[in-house]
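Use the sequences and the hints to build the structure in full.
Chains as they are written, first to last, in the numbering used here: chain P, 1 to 140; chain S, 141 to 299.
Keep in mind the hints are simulated off the structure, nothing from the lab. Hints are not guaranteed to be accurate.
[Stated by the list, open to error] Covered, in the sense of this in silico footprint (three residues per stretch, anywhere, with C-beta under 8 Å from a C-beta of chain S), are these stretches of chain P:
id	stretch
1	37-44
2	57-63
3	77-84
4	95-105
[Unchecked claim] If we take Cβ atoms under 10 Å as the criterion, some of the chain P residues that face chain S in the derived model are:
id	residue
5	Trp29
6	Gly33
7	Gly47
8	Asn51
9	Ala53
10	Ala54
11	Gly126
[Claimed, not checked] Restraint-style ranges between C-beta atoms, simulated for each label pair:
id	chain 1	residue 1	chain 2	residue 2	range
12	P	Arg6	S	Glu283	52 to 58 Å
13	S	Ser150	P	Ser94	31 to 37 Å
14	P	Pro135	S	Glu227	47 to 53 Å
15	S	Gln201	P	Leu123	47 to 53 Å
16	P	Leu16	S	Trp180	33 to 39 Å
17	P	Gly99	S	Gln201	30 to 36 Å
Just so you know, these numbers come straight off a predicted model, no measurement behind them. Positions of the beta carbon are idealized from the N, C-alpha and C atoms, including for glycine.
Each chain, written out:
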Amino acid sequence: MNPGARRAVAAASAWLLAGIFLFAGLEKWLQPGAFADAIADYRLLPGAWVNLAAVLIPAWEIAAALALLVPGWRRSGALIILGLCAVFFAAVVSALARGLDIDCGCFGPLARRADWMTLLLDLALGACALYLAKPSRGGT
Amino acid sequence: MTRPRLFSASSLLGQTLLLAAVASGAALLANQLRPHGLAWRGPEFRAIALAEMTTLVLSGQAQLVDARPTAEFAAGHVAGALNLPEEEKTLALQRVFRQLPEDQLLIVYCRGPECQASLRLARFLAQNGVPASRLAVFQPGWEALQAQTALPLATGAAP
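In structure tokens:
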């Protein structure tokens, strides 16, 4: 791929990922109680830690999304999203393994069931973030 | 001049940690300032075993709360259990405060080990003034209660 096309793909990936995570983060930030319930449904974190996670995760999503759009910060934003995708993937796999029938908590009130499609979506987003985190594409 | 690779990697890591730290700080501050921010520490509930629950219920020290939908409750429940479906949470709150003695432990159950209604109802009650220490969740749920023999079972809608 020539450098111009590579830059265009990287920019398109960054805008797509930023849009998705900005939307997801804002939805969760607007309704922290509902997101805390969604986290609690996974039964992975001790109850005492659920609220803190519900406050921090949307902020990381929003900050990472915004960072993707700032040239010198793109790779940092991509790394945070990559980490979040890894955590979400592990949580959904764990829920599926335990037979839990729960909302994934991905997009606030627009949540969908935590299922195999959720894992595929998560993998796709993670791959996009990995692409942007590489030195030659991130622009840092 | 090209920067050494190691320096570049540590710089990226530092920048990423800085971004996460600033976002965390902003989130904690915003949560503190917003009108209905979350408590830092979420509620934790006792996971109660069948034997202890049976003793507490039979001695009157605990009240069972059935979080399943009304139709499922009518098809079968532990005699004396209060039906507070998750869909009627606000009503549930009023009933807990008006009808139940304050010294009773509230043991919430739903369909079975995989259901979420009991934990969600307990969280709702805890966030609305019921002390978490007064709440317990029996996660094995109705599936386990059906198989036990000590607690009397009943059918029919809640009074």
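We went through each hint and held it up to the structure:
Against chain S, the stretch 37-44 of chain P contributes 4 residues with a C-beta closer than 8 Å to a partner C-beta. That satisfies the three-residue criterion, and the hint holds. For the stretch 57-63 of chain P, the stated coverage by chain S is satisfied: 5 residues place a CB nearer than 8 Å to a CB of that chain, which reaches the threshold of 3. Counting residues of the stretch 77-84 of chain P whose CB falls under 8 Å from any CB of chain S gives 3; the rule of at least 3 is met. Remark: the stretch 95-105 of chain P is confirmed as covered by chain S, as 5 of its residues place a Cβ nearer than 8 Å to a Cβ of that chain, reaching the required three.
Look at Trp29(P): its Cβ gets to within about 8 Å of chain S, closer than 10 Å, so that hint holds up. Because the smallest distance between the Cβ of Gly33(P) and any Cβ of chain S comes to about 7 Å, under 10 Å, the interface hint for this residue holds. For Gly47(P), the interface hint holds, the least distance from its beta-carbon to any beta-carbon of chain S being 4 Å, beneath 10 Å. Nearest Cβ of chain S to the Cβ of Asn51(P): about 4 Å, under the 10 Å cut. The hint holds.
Of the supplied interface hints, the one on Ala53(P) holds, with its beta-carbon coming within about 9 Å of a beta-carbon of chain S, less than 10 Å. Hint status for Ala54(P): holds, given a least beta-carbon distance of 6 Å to chain S, under 10 Å. Interface restraint check: Gly126(P) against chain S, minimum CB-CB distance 16 Å, threshold 10 Å, status violated. The hinted window of 52 to 58 Å between Arg6(P) and Glu283(S) holds, with their beta carbons roughly 56 Å apart.
The hinted range of 31 to 37 Å is satisfied by Ser150(S) and Ser94(P), whose Cβ atoms lie roughly 32 Å apart. Judged by the Cβ atoms, the range 47 to 53 Å given for Pro135(P) and Glu227(S) holds: they are separated by roughly 52 Å. Between Gln201(S) and Leu123(P) the beta carbons are some 50 Å apart, a value that agrees with the proposed interval 47 to 53 Å. Between Leu16(P) and Trp180(S) the C-beta distance comes to about 34 Å, which sits within the given range of 33 to 39 Å.
Between Gly99(P) and Gln201(S) the CB atoms are about 33 Å apart, so this pair conforms to the stated range of 30 to 36 Å.
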